[in-house]
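Residue numbers (the numbering used here), protein chains in the order written: chain A, 1 to 275; chain B, 276 to 589; chain C, 590 to 1148; chain D, 1149 to 1691.
What the hints contain is simulated information worked out from the structure, not anything from laboratory work.
Hints may be right or wrong, so weigh each one.
[Unchecked claim] Cross-link-like lysine-lysine pairs, in silico, DSBU-like; alpha carbons within 30 angstroms at most:
| # | chain 1 | residue 1 | chain 2 | residue 2 |
| --- | --- | --- | --- | --- |
| 1 | B | K326 | D | K1333 |
| 2 | B | K326 | D | K1271 |
| 3 | D | K1360 | D | K1271 |
No experiment lies behind these values; they were computed from the predicted model shown.
Single-letter residue listing:
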Amino acid sequence: MSGGLTGWLRGRVGLIAAVLLLVVVAAMAVAPWIFTPLDPLATDTSQVLQPPAWGHPFGTDQTGRDVFTRVVYGASYSLGVGVGATAAALVVGIIVGTLAGLAPRVIDSVAMRGVEILLAFPEFLIALFAIAVLGPGPVNVATAVGVAAVPAYIRVARAETLVVRRSGYVEAARGLGVHPLRVAVAHIVPNTLRPLGVIATIGIGTTIVAAAGLSFLGLGPQDPTPEWGLLLSGGRNLLGQAWWVAFFPGVLITLTVVSATVVGRRLRRAGEGRA
Amino acid sequence: MVLRRILARVAGMLVVVWGAATAAFLVLKLVPGDPVDVMLGVSAQASPELKQSIRAELGLDQPLVVQYLSYLSRLVRGDFGTSYQLRLPVTEVIGQQLGYTLQLAAASLAIALVIALVGAVLVHGRAARGVFSVLELLAISSPPFWIGLVLLSVFAFGLGWFPVAGADGIQSLILPALTIALPVAGILGQVLRTGLEDAEEQPFVTSARARGAGPARLVLRHTLRHAAIPALTLAGYIVGSLLGGAVVVESVFARPGLGRVALSAITNRDLPVVMGIIVFTAIVFVLVNLLVDLAYRAIDPRIHTPTTAIRGAR
Amino acid sequence: MIENREVVRISGLTVRFGQTVVVDSVSLSVAAGECLAIVGESGSGKTLTARALLGLLPDGASVAVDELVIDGVDARRYSQRDWRRIRGARVGLVSQDALVSLDPLRRVGAEVAEVIEIHGARGSGERMPRAGIVDTVTGMLARVAVPEPAERARQYPHELSGGLRQRALIASALAGEPGVLIADEPTTALDVTVQAQVLDLLAGLRRDGLGIVVISHDLAVVSGLADRVAVMKDGRIVEEGVTDEVLSRPQHPYTQMLLAAAPRLGDGPFADRVAARRRSPSIEITPGGLDTAAGGLLDQRESTPLLHATGLGRDFRRPDGSLRSAVDDVSLVVHAGASIGVVGESGSGKTTLARLLLAFDDPNRGSVSLDGVEWSGVPERRRRSRRGDIQLISQDPLGSFDPRYTVARIVAEGLRGDARRTSPGDRAARIRQLLDSVGLDASLEGRRPHELSGGQRQRVAIARALASEPRILVCDEPVSALDVSIQATIIDLLNALRRDLGVALVFVSHDLAVVAQLCDEVVVMKDGRVVESGATDRVFRHPEHPFTRALVAAVPRMP
Amino acid sequence: MFSRPGSFRIAGSLALVVSAALVLAGCSASAGTGEKVEGGTISFGVDVDPVGHLDVHSSQLDINAILQRPVFDSLVSQKADGTIVPWLATSWQVSDDQLQYTFTLRDDVTFSDGEKFDAAAVKANFDHIVDPATESAQASSLIGGEYYAGTEVIDPTTVRVSFSQPYAPFLANAASVQLGFYSPKVLAEHASELKAGGPGISVGSGPFILSKYTPGSELVYTKNPDYNWAPEGATAQGPATIDELDVKILPESSVRTSALTSGQVDVIGDTAPSSLTQVGDNFTVTSTESPGVPYSLYLNVTRPVFSDVTVRKAFAGGFDLDAAVKAVFNDSYQRAYSILGPTTPDSYDAALEKSASFDADAANDALDAAGWSERDSDGYRTKDGKRLSARWISYTPVNEDNANLANLIQDGLKKIGFEVVHDQLEPGAYLDAYLAGDYDLTDWGFLSADADVLRSHLGTGGYQNASHLSDPEIDATLASAVATTDGSTRAELYTKLQQWNAENAVIVPLYVPEYILASSDKVSGIEVDIHGWPLFSGASLTK
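Turn these sequences into a full structure, and let the hints guide you.
Here's what the structure looks like:
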């Protein structure tokens, strides 16, 4: 069922490319100066809207800033939001989900009703509503996309907890007289973590897209912050005369998300193979 | 028994809507800033007395509990309040714009289904499937606004095949619908294909093949129905994508619709509209879930409530 | 046999996956009205051989064949399109589990009708009018003895009982009036009584002139049906001949081993059978020694029973809200060192009873005491320290292992008390000792569960159970997922444990033969109640309850 | 009203203050070569939907003024040469003390709902403007703010408006759409729905009738077939030529431009300078420099950083504004030298042009001299260990062009060691900071057809006095300017003010926004007013 390009993408080469790209993006986020000697905020009125060339591989924008440099520096923001919000959502999700999964049925069903209500809303709308409450801004965008992701993690954490809790090995441990707390620590949590980790890996991509979407709509950081969604939004009115301003940030977002997805799916398959 | 189940179901739906309405109320009470200031558009000339009278008129000077109860009682009567920004009843605001978004959502869904089905059912051969699944991955991973901009600049700005904006007829619907449809089609296609592939592994397919069934019959009479079950679980996600996508796409393509209303309500802190949209979304969700459940039942005769142990076991 | 026309003739069939040969130069033939059984353990290539007769080999398989004649047509150079013309019309397939082999989302009638829709009436290729199809389907279901066929046709597979489902599946395979029927483990998923009925049905079809190829892992099952038997191992037919000949005078060592390993009900003294088992000459088991006079298990001895269940009842709520008693008024006494079999068909409450005994579940009525101390209905924390005394061996050992754990860690979890608190070195030694005692090599310590074979997994599960030095092992179908030869070794192991360690066994199984081999006493359950109990020999030789009688009668016997 | 050119004109802002929309008739925008056609539909793409702000009496949105002009008529109209001509008023008299204006009205005017236009209608409308419940900022200041004393009906065709102090801009302001007239029936029956607007509510006596409104999407106007009361001397008398005017809301500038070039719309407003290159030869582009205060930075003189005039001047000359404006606007907008736009009537001081230029050395020297001579590790200047830093507040959304300009200014000043921290705040947060004076500079442009706009920007306590300037001499000059109707006297007084600012660098003008209207060759006869806003009553399609 997998052949040709998929085989390539699903196979080793694709995986290595994806990991490599993530590593590069992570490096951009941590140490952008390795990639470019320029200042992402430095303007140059003599270099306005220059097409991609040697000195400016991604061209320049309306104030003569180097798009490549801005994309590189943007990685720290986008990846920061992606990883930070996902991690926070994951932690909250695991705690609430696991507790709900282990709690008596009454508490569980009350908690799940609440989560169900939250799940009634598309993640992007929750993020939007969170912005409505918090107001726009870079930190608030991270919070908003994090909040939006939480219900899904709770649900998965709970479902996984229930699966593991009803699994043969938890029953076996119980049958051996292992203390419930030890069962939770030794079996339940570790075994729910793996699927959650996989989902979170893919979730980083989703979060990056959601945060970029909010920025795109003008609800995130403001210019001159080099955030990818904002860079894209800044280029939308220049599509006719300077396609590169919007094009490269868009490509970077897509590639990053594709990579996260490829890696996540790979992890999932690895997990399935073992179970 | 059946009646009791239906009643329980309806009650469950109402609980979700009520919960969403309550959450919306509470959360939006946390919004910083005086709603009256927001409402007046920070006009400097509004005297404190005027603000006070507006506050009284809106019942904002009442205790929270009273406000909540009157909010609920108005909701029950279908009164969602009046938009600060548009100065219209929220129901009217939503009603006016609903059509556009429904059109967009329906078109998106149709396009997504067609692409996904074509991709899952008709695309055969390793190479073709490979290309298709890479495209799906790209579609899933690309931010919708990026897809929209690319489509816009290629097909509207560049080739001039479609209008660049607005909501005039079917022509102006295609690009926005496609923008929302592509990621949805990506996910749906993957799930359908995986579902088909899983179903193909099932023993009943061997039985059917042993009866001499050809590929078309296998898909149409057997595996597609099985693949539809996991695809149905995506319904919530898809509806979410349609609504969330509408926010972005209506902005990119300058289309009217609920997404635009939601965005402008949020940027302008138009709280009654925000609350209205929250409650509306909850209702949509509840209805979609109901439809999905009915669809499950229609597709899968095995569905029944699982046996539950009565007290004594834990 | 009515006629001698050959309906299947195949020679030199070789199937490869890449470089691996999975079916090696297989030749066989079946005449109309004849039944050929292909018998072998998993991986022997028997199923692939059967599928080759339908052109239904999986992707990636390459086939070479010298001769391939199906119901009179030469199918050697057949494309998939050609195959589709004869599948259903000239050759039909019945597979193992009708619950999944019939499309669960379609009505039974639609499944039977499919063949007619594809091939027309009687495989003629003529389109049949709708009403005609309905009639034909009803007639077909009636032919395989489905009661109320018209109503059944409108039901979904899950709404039918296992036996009816299997009949419907057979009907769907026969609707195109093929000359050959391939039956791949047609009764494996069924209870014995139902199995017997289905075997009867197949025998009837054979008498009507159908050529049948039946695939099975179980010699006993096919012994009554097949005219000839072909024994397969590693892709080759190692022995083929008239059924009686093969069973009574097996030539090939593998066939001999299979025959020896297969548990049998009521043939020869227990010890003789065991001694005949060549694979485990070192194990000796002394049967009896316990007074198990007819009348029962209940409090025959003075000493405090190890496990004592009285008047157990456990209810579940049906979807419509009504109550169903999965276990009702069951009493059971297990003395130290005893071995008690619990037999019954699916849904009889065996597993629920096992869970109640293990206190994984609390009864709605009645109580269980362990070693004279209350065991059911007490808070879990009071049970925890005593749990090591009673351990479960389940049908699915893989599911009972944390997938992240190594074998050593899995076994270590079973250690309790002092054994747990010793030095890492001592603990490692103890684990090795435990592995050794279940016949596992110490080199497996570092493996993870999915890297083990089925037999190895069950041994690890037993080692873990032994780690807590239990006094009772509750075994829930511990061998039913295993091949016969492996099955035999596990049974030997359990026997040895009981003998050497004095561990009592409660052995839950649907397989009377296995129980007969292992248990001194037996309890027969039906619909949650005990219908008969007593010494194994007595119950199986002279069953008193009609149900027990039916059960024993249905067990397939080799001639 | 604040005005920020580019893709966004401001929605929801904090303005009151005087502003006059003089209608400068006769600026012909389009001259198609083809033959005129009777009837047909012209579609007009605009950037903002005035949703919720459709009431001419309370709205502060430029876009609403543009979109309601076809529906609402005013007492008078102002011609290009500044003279006021009769419209709904046939004649008027001003009392000697300049406190009373008496208008004689036409008696053949009806509103599109059939109501008659008379003195009572004028009073009802003016009363509505000053009614606190109307929450009017713009119109109530145009009518004179606290100077306005009241309106009385003398007889059905005579009405008198009174003031407590002389208020020179009134006659010109009376020409604005904000002082236009609703049908009295609407004011009586639908007062609470005016802001929502729409057919049957936004009812005036103009050449067009609002017949359909879809918020966020479009406004459709059909011609008023009975219209026969155009302003005196207007080229188009009688009913409009076209049957329908179809306004499309297209927020993105690139989308508007493409909609025009692809033929989806015939005319677009507020065209982005950056997209002009995409508009080909087959289109007519009319740019009109906006009168009023150019887009400027307001330096808060009460704050330590900018209390020193040397620092202010170093700031103003410390970045290359010419290059920045050129980079961002591609020569479409001109750099501003004065605090009044060149097209503001009776006021602009052209002598200031080219007077200021970028001189980094001079700015550096001046800052050294002012004591900001040390540098910190980031390269910024310090004095007594304190960094030379200014907080710039803007309210969101900031349009892209202005954001780019801000980046260039920030980056330019960084090079002379002057840190500018740009905080972009939500309107609410902005208002808090603004009212608290917690900022060193802020920015806006202010569209106004009367130089009296400076009163609020420079006068003590003025609402737009973001610089917190308080100078008795300035206040006195502003007061005499508002009290005189003599053009040359006013020009003299306003020149003095412009020169004073050039010396003191309290307001740093950046560029003169323009309203850019682009239309296809299919249409002709679109006139523009003093703001560059289109008037469609004489427009027609050509073959």
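Open item on the list: Could you work out which of the previously given hints the structure breaks and list their numbers from low to high?
Closed with: Structure breaks no hint.
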